[in-house]
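I would like the entire structure built from these sequences, with the hints used as guidance.
These are the residues of each chain, in order.
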Amino acid sequence: EPEVTQTPSHQVTQMGQEVILRCVPISNHLYFYWYRQILGQKVEFLVSFYNNEISEKSEIFDDQFSVERPDGSNFTLKIRSTKLEDSAMYFCASSELRVMGNTEAFFGQGTRLTVV
Amino acid sequence: KNQVEQSPQSLIILEGKNCTLQCNYTVSPFSNLRWYKQDTGRGPVSLTIMTFSENTKSNGRYTATLDADTKQSSLHITASQLSDSASYICVVSPPPGYSTLTFGKGTMLLVSP
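Protein chains in written order, with the working numbering: chain A, 361 to 476; chain B, 263 to 375.
Derived from the structure by calculation, the hints contain no laboratory data. This one's a predicted model, so the numbers in the text were calculated from it and none came from an experiment. There could be a bad hint or two in this list.
Said to hold, decoys possible - Pairs of lysine-lysine, DSSO-like flavour, derived with a Cα cap of 27 Å:
1. A:K402 - B:K333
2. A:K417 - B:K367
3. A:K417 - B:K299
4. A:K443 - A:K417
5. B:K367 - A:K438
Structural data, given as structure tokens:
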């Protein structure tokens, strides 16, 4: 069964450093998303991406964040200068169509980012 | 502003028993309501998806109900198994033209032997 894969599973970084989280969405999917979950809290939407551009972003997704689909298969989330409060589990998701109706969104296993 | 509220926050039941989890939402309009299962440290996995016109949807031992008038949904788990121990999250999908899923905080279910 096709799945969304994320690497690395765990990333530890020093405050102020740049990190890139990587995702390989399901191959025939057209919509890609990043969500995050701070420990003990709910999953929060960061950004959606379609047709090589951001289609929606939340207020969390400020200038420190950027997304890219560099090669047609990978989908990356870059945090330019990490802060302690960026520590969270980051989930990549993809869907064949926009997530309305019965369109399924498939989530990866997540990357746990720890900023020290 | 929390647009999806779930109760209870946590629940412990004995293996083999049934349980019902609740979800109230204020997101409006919406296109569908989903229930996800999230094992600790893993990504959410979809259990059911219901459009606003559907009242019930089953997936094996999981049955979800939706009352769009009262903006309430429930997830009923029958004959619970140890592997059902997880967080169950109610998620509301956006209206046409948007792609953001709005998550509840989840109900943490522990099935005890």
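These are the hints, each one checked on the structure:
In summary, the hint linking K402 of chain A to K333 of chain B is supported, as the alpha carbons are separated by about 20 Å, within the 27 Å threshold. Annotation: proposed proximity of K417 of chain A to K367 of chain B holds, straight-line Cα distance about 20 Å (limit 27 Å). Straight-line distance between C-alpha atoms of K417 of chain A and K299 of chain B comes to about 25 Å, which keeps the hinted pair within the 27 Å bound. Among the hinted pairs, K443 of chain A with K417 of chain A is consistent with the structure: their alpha-carbon atoms are about 19 Å apart, no more than 27 Å.
Restraint check: the Cα-Cα separation between K367 of chain B and K438 of chain A comes to about 26 Å, which is no more than 27 Å; the hinted pair holds.
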